[in-house]
Amino acid sequence: MTFGLLVAVLLLLGVGSLVTSWVVVELHSRTTRVEPVLNENTRLRDQVTRMTRAVRTYLLTGDAAARSDYLRIRGEPFVTLAQAREIATPSARRNLDVQDRQLGAYVQVSDQQAEAAPGSADARRLTTEATQRFSAFDRTNRRLDAVLTGDRERLEDGAQNFLFGSSLAIGVLLTAGGTLSVFAAVRTTRSLTRPLQSTAATLDRLASGDHSARAVAAGPLEISTVARSVNALADESDRLRAIEQERARLAQVARDIGIRVRERLDVDDLLDAACAGIGEGLEADHVFVLLAEEDGPLVRVARSWTADRGLLPPEEQPIPPVPLDVVREHYRQGRAWCRNDLPAVLAEGAALPGAPGSYGEAGLPPDARAAAEKLGLVNVLVVPIGVADQPLGALFLARTRPDRPWREVEIDISESMASGVGRALHTALLYQRETQLVEKLRALDQAKSDFLSTVSHELRTPLTSIVGYIELLEDEETGPLTPPQRHMLDIVDRNANRLRALIEDLLTLSRIESGVFGSRREPVDLCRLVASATDAIRPAAESASVTVEKHVPDRPLVLEADSDQLDRVLMNLLSNAVKFTPAGGKVTVRAGARDGQAVLSVSDTGIGIPEAEQQKLFQRFFRASNATEAAIPGTGLGLTIVRTIVANHGGELEVDSGEGRGTTFTARLPIATSSGAASRD
Amino acid sequence: MAHVLIADDDADIRDLVAFKLTQSGHQVAAVEDGLAALRVVRDQPLDLALLDIRMPGLSGLDVCRELRSAPGTASLPVILITARSQEGDVELGFAAGADDYIVKPFSPRELSSRVNAVLARVER
Numbered sequence: 001m002t003f004g005l006l007v008a009v010l011l012l013l014g015v016g017s018l019v020t021s022w023v024v025v026e027l028h029s030r031t032t033r034v035e036p037v038l039n040e041n042t043r044l045r046d047q048v049t050r051m052t053r054a055v056r057t058y059l060l061t062g063d064a065a066a067r068s069d070y071l072r073i074r075g076e077p078f079v080t081l082a083q084a085r086e087i088a089t090p091s092a093r094r095n096l097d098v099q100d101r102q103l104g105a106y107v108q109v110s111d112q113q114a115e116a117a118p119g120s121a122d123a124r125r126l127t128t129e130a131t132q133r134f135s136a137f138d139r140t141n142r143r144l145d146a147v148l149t150g151d152r153e154r155l156e157d158g159a160q161n162f163l164f165g166s167s168l169a170i171g172v173l174l175t176a177g178g179t180l181s182v183f184a185a186v187r188t189t190r191s192l193t194r195p196l197q198s199t200a201a202t203l204d205r206l207a208s209g210d211h212s213a214r215a216v217a218a219g220p221l222e223i224s225t226v227a228r229s230v231n232a233l234a235d236e237s238d239r240l241r242a243i244e245q246e247r248a249r250l251a252q253v254a255r256d257i258g259i260r261v262r263e264r265l266d267v268d269d270l271l272d273a274a275c276a277g278i279g280e281g282l283e284a285d286h287v288f289v290l291l292a293e294e295d296g297p298l299v300r301v302a303r304s305w306t307a308d309r310g311l312l313p314p315e316e317q318p319i320p321p322v323p324l325d326v327v328r329e330h331y332r333q334g335r336a337w338c339r340n341d342l343p344a345v346l347a348e349g350a351a352l353p354g355a356p357g358s359y360g361e362a363g364l365p366p367d368a369r370a371a372a373e374k375l376g377l378v379n380v381l382v383v384p385i386g387v388a389d390q391p392l393g394a395l396f397l398a399r400t401r402p403d404r405p406w407r408e409v410e411i412d413i414s415e416s417m418a419s420g421v422g423r424a425l426h427t428a429l430l431y432q433r434e435t436q437l438v439e440k441l442r443a444l445d446q447a448k449s450d451f452l453s454t455v456s457h458e459l460r461t462p463l464t465s466i467v468g469y470i471e472l473l474e475d476e477e478t479g480p481l482t483p484p485q486r487h488m489l490d491i492v493d494r495n496a497n498r499l500r501a502l503i504e505d506l507l508t509l510s511r512i513e514s515g516v517f518g519s520r521r522e523p524v525d526l527c528r529l530v531a532s533a534t535d536a537i538r539p540a541a542e543s544a545s546v547t548v549e550k551h552v553p554d555r556p557l558v559l560e561a562d563s564d565q566l567d568r569v570l571m572n573l574l575s576n577a578v579k580f581t582p583a584g585g586k587v588t589v590r591a592g593a594r595d596g597q598a599v600l601s602v603s604d605t606g607i608g609i610p611e612a613e614q615q616k617l618f619q620r621f622f623r624a625s626n627a628t629e630a631a632i633p634g635t636g637l638g639l640t641i642v643r644t645i646v647a648n649h650g651g652e653l654e655v656d657s658g659e660g661r662g663t664t665f666t667a668r669l670p671i672a673t674s675s676g677a678a679s680r681d
Numbered sequence: 001m002a003h004v005l006i007a008d009d010d011a012d013i014r015d016l017v018a019f020k021l022t023q024s025g026h027q028v029a030a031v032e033d034g035l036a037a038l039r040v041v042r043d044q045p046l047d048l049a050l051l052d053i054r055m056p057g058l059s060g061l062d063v064c065r066e067l068r069s070a071p072g073t074a075s076l077p078v079i080l081i082t083a084r085s086q087e088g089d090v091e092l093g094f095a096a097g098a099d100d101y102i103v104k105p106f107s108p109r110e111l112s113s114r115v116n117a118v119l120a121r122v123e124r
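Line order of the protein sequences matches chains A and B.
Residues 1 to 681 in the numbering used here are what the first sequence spells out, letter by letter.
Residues 1 to 124 in the numbering used here are what the second sequence spells out, letter by letter.
Just so you know, the hints here were simulated from the structure itself, not pulled from any lab data.
It should be emphasised that the depicted structure is a prediction, and the values quoted were computed from it without experimental measurement.
Positions of the beta carbon are idealized from the N, C-alpha and C atoms, including for glycine.
Any given hint could turn out to be false.
Pair ranges (Cβ atoms, derived) [as the list claims (entries may be wrong)]:
hint	chain 1	residue 1	chain 2	residue 2	range
1	A	621	B	121	37 to 45 Å
2	B	122	A	554	38 to 46 Å
3	B	57	A	654	49 to 57 Å
Per the computed footprint, the stretches of chain B lying under chain A, defined by three or more beta-carbons under 8 Å from a beta-carbon of chain A, are [said to hold, decoys possible]:
hint	region
4	12-18
5	101-113
Just chain B, with the same shape it has in the complex (with noise of 0.2 Å):
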């Protein structure tokens, strides 16, 4: 069981990204930009964040720089949500300190094993 943040601004994602790891048996808190998401990391402990690179206000990789500029959370898991697979965002990503990236459409099923896998991965 972990604590895992989703942030995107599409709520119908934000639910499936929930419902799915809720299914699998994780602790979500969905919000729907970049503040809110630094918001919960402030405010709750965390796991893992997946965060959609494309949102009003703070992007994806705005949220990520500034959770690895920031001591508490310079290690918390950070998996990058994209729709633009091969124009740089993967790049910008990983120079972000994104720990993993998902390209869109994805399969949850897909999305829950790349949680588990980075999760494994940090436990290790």
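Isolated chain A (complex conformation) (with noise of 0.2 Å):
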């Protein structure tokens, strides 16, 4: 409207225009044709008054150049008035045909008075008849000038009339089409400016974050065009921002879960978080973990868990067991399995549509049907349970309303999900398994130890009987023995200590290992106990020759021990160092106190201990090689003994020894902290 009206104005202006400059050709093409008739007739006046004053000279003084002049000059107004005739309009022409013949009546006497002599009566009369025709000339002639004169200023008048006129008029359309490109300015700048700005500053509040804003619809087609692409792109937005919100969260839930998972070590606990947690994250309404049983041909339910109760009790099976084939397939294939339609698929009876193994070629069998139609599964999503190519299982979800179907980002999520508790599941159950071995080796090595115990304590009572009739026949208290009996007698008694031995030495091994004792712990003083010791072994080293010394502290060494114990750490090294000495060998006992322990040592000059052998030393029932070879009695439990003694007092024992050249085995205990600064020897 604007528009047209703007175009209205500027083609009256340009009409204006035209008509304008038509006027002013028209006036300056009329003024042309009036100007030079004028100046031609104002000309024609001045060559025929110059011709009357040349005549009229010669007719006065008789100069014959004034005649001559006249003569020369007689011609000249003829050409000027066919001139005039030319340019002349319709009325001046006219006029200028009257002067023509006046002329021409004027040249008839003036050319006879240039022939009349001058001063003469005839030359008289010429002149007066002369003056009489030029003044009638002279008239025409001053009244084609009067009009002519006339006409100009007339034109000139118009002219200036109409071009103040057209100016007026264009100025009036100037202003009027400035006005209007105001109008049509703002006008513009409202339909097209204004929805502009609102949308790009819609597209600022979006880009800065502010995903609620939108523009308005407003403006010419294509301003709204633009707001509605804006606006669509910021819905598209939105959709894909709460996705990824969805995604973020669930994303979440899933770290979550598998963090509880991986805490967890004991399967049930396990099963119970990982059912719980992914039910809530996932608002399910119902979570099965179906876990594979070693060697079963079912997996069944391990766990259940409704968005209405919570875990189910592990009796309840909502949903039959499934073969191991299809959890197999189904692991194999690594993929979830899910249908946003269950009993759509379901009421066909056939097979169930891209799933795993029998079910995706015979469907479901009749209990599982029954069983999802009891539940009011609609949207179910299977995922399989599984560590590197071990199946574990199945995590099944379920939901019971058609307008909550498992969607993409939810999919992917229950996945990593699956993959989580599967590598958790793998642990628990490595550990659950491990724990039951190490539960069984625990009971194993406790009926080992029960078992040691009783049949040490059996062999007790035969063992009286053997070494009490013993005693009586070698007391001769039935009657004198002859010397081979009394030979034999020995050698049953022999081996009747041995067994003693043995056994008493398993039955303390047996009851150190257990823990049995070894607990009890008072302060007990080192060098009363190696002088007890000493006192104890020396009858047995004065029998075999062999002399005991012992260099102990004057004052007391105090140690937190279990006095039993030391004292039979005492009596196996002085009892090995007897045994292995020749007669006429050295055994020496020392005890001490250095670097803040007690230090605790047996030497003797025996026999030693090969080198190669002192790896061994403490294996149980290990004899070195030349003990053996010299047929001297024992068990290989000693030493045992004393190094598990030794290291349950939180000591250690060393043995420094070499073939031939006797042996040293050094104890190193703590000192007891309340006996203070402990004393040299």
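Take the two lone chains, each set in its own frame, and fit them into one complex as the hints suggest.
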């Protein structure tokens, strides 16, 4: 509308200019036809006047020059007249025709004047005639002059008036055009710029994170289309962001569940945490974890959870077991199986589309179908669980409302959750097996200890009879013995004692290892213990012709220990030393404190221990080769007992020996902290 | 000369103890379980009882406690025979009121001297 007006104004301006130009040109052309005629008319009068003056001058003065002037110029006025006629308007031409006749009449007379004698009467008559004819010409001429002058002035006035009017009109039109332009500009600003600015502002708000911003679809079609496109983009971006937020939330849920299941080493705890966590996190109505049993053909529900009731008791099995081949095939496929229209595919009673194994070929068995219908399962998502190439089971998620289908993002997340659960489950199962194994081994160890203990005790009663009756025989309480009988009885006695020592050592070892004792701690003076042990061994040493020396400090050396066990350590080491030292040898016992430790050593000058065998020295039943060669009796348990007791007391046992150069056993034991400064010898 | 009771379910050990103590000049009654031991204590005058801890029915410890709780036998010397020297039997034995204990396998000589020592202590 505004544009229409503006165009009309511009058209008017154009037409006005054209008209003005035409008028100006027209005025100009008319002016150019009036002006020259006026000029020619004036020149005509001048020429005729000069001709008159020349002929009168001749007649007055008789000047021949004047006469010849006249003759020379007498033709000029006719030329001028002819020229004027050429350009004159018809009315002017009529005047000019009159002038032409009058001029002709005058020139007839003036030519006679030029022939007349100056001062003659003829001359005078001719002059009067000429003056009359000239006057007639002059009057016509002046009349034209006046007419033309008037014409010229009229034309000039008209032109001026027209120019003024047209200028005024153009000015008005220009003003109108300008106003219209401003109006159009304002209108344009309103209809284009404002909606565009608003749309741009909306884009800015969207870009700066105000996702609720929407553009107003106003203004011209193109602009509102842009606004609608921006809104559509913003809506799409909202949708994508919502998906992204949902994905992030689910990823967080998956991480939380991953952490919760990783923290659990107990399979039942883990299943509880996984079931409840996944059910709540994925907003499922039912969650079942199916777990393959070792070598079983069926995979049963190991844990169930429902949104209404939470975790169900283990004996409740809402869905029947699944054949192992289905679970195995599903795990091999490695993808979730999802149907958001389970009733539709169930109703067909045929193969489950895309389902693994026999389910994909023959469909669900009737009991499974009945269970699915009873639970009202609509949207079903089954994810395989396993580790490496080992299928462990499946995660079964279900919703009962048709408007809550499993979305792609939830399927993705459920797969990642299932893989986390699989790893954790694998670890927990390994741990469970290991724990069961440890339990079994511990029970076995206990059974072994019990057995050993029982057997040892049971052996003691018959042994009592054996050694008792041998003693009665050897004491000759049933009559004198012959030397061969005594020899034989000695052998029986020696072996019975060997058997007894073996039983005692086994019993001691089993007790030490089972931790039955060793827990008792009391202040023990090592020096007194050494003294009594030395006294106890002395008879045996003397009968073997071995001297025993002891070097102990005067002051007590107090340890926190089990004195019976330390006594056994001393007795074992001393009896070994005496046993492996040939007659004439020496056994030395030292006790002292060094570097905050009690140091107890027993050295002998005996047969020593081959270096190659020292590694095995503390193994049960190990006996040094030179000991067995020399037929020195022993159980092979004494040193094991010694080392175990020393270790139980937080100490260390070292051996320094070589074949043929004697042996030194050194035990380092912690000194009782309450005893303060320990003494040195 | 003293009257000594030996209660042990193992006949060989009963015979061994009976033989050795008889040789040492004592009069010995040998029984094979705790109930029989209590019967003997009730029926006969006794100077000392040797009781094996592990017996079917009443154990040596039960018999010992029974003796200590009856006024007529509260001061009868009792020596327990145990196969477990270090697992609480000794403590249990003393707690039940035994005067001494002897650990299997024992030497008959040692048994005889322990019996004599306990008898001597009681006489003094």
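Consistency of the hints with the structure:
Here the CB-CB span from residue 621/A to residue 121/B is close to 43 Å, well matched to the stated 37 to 45 Å. Distance hint check for residue 122/B and residue 554/A: the Cβ-Cβ separation is about 42 Å, which falls inside the suggested range of 38 to 46 Å. Checked against the given bound of 49 to 57 Å, the beta carbons of residue 57/B and residue 654/A, roughly 52 Å apart, stay inside it. Under the rule that three or more residues need a Cβ within less than 8 Å of chain A, the assignment of the region 12-18 of chain B holds, with 3 such residues.
Counting residues of the region 101-113 of chain B whose CB lies closer than 8 Å to any CB of chain A gives 6, so the stated coverage by that chain holds, three being the minimum.
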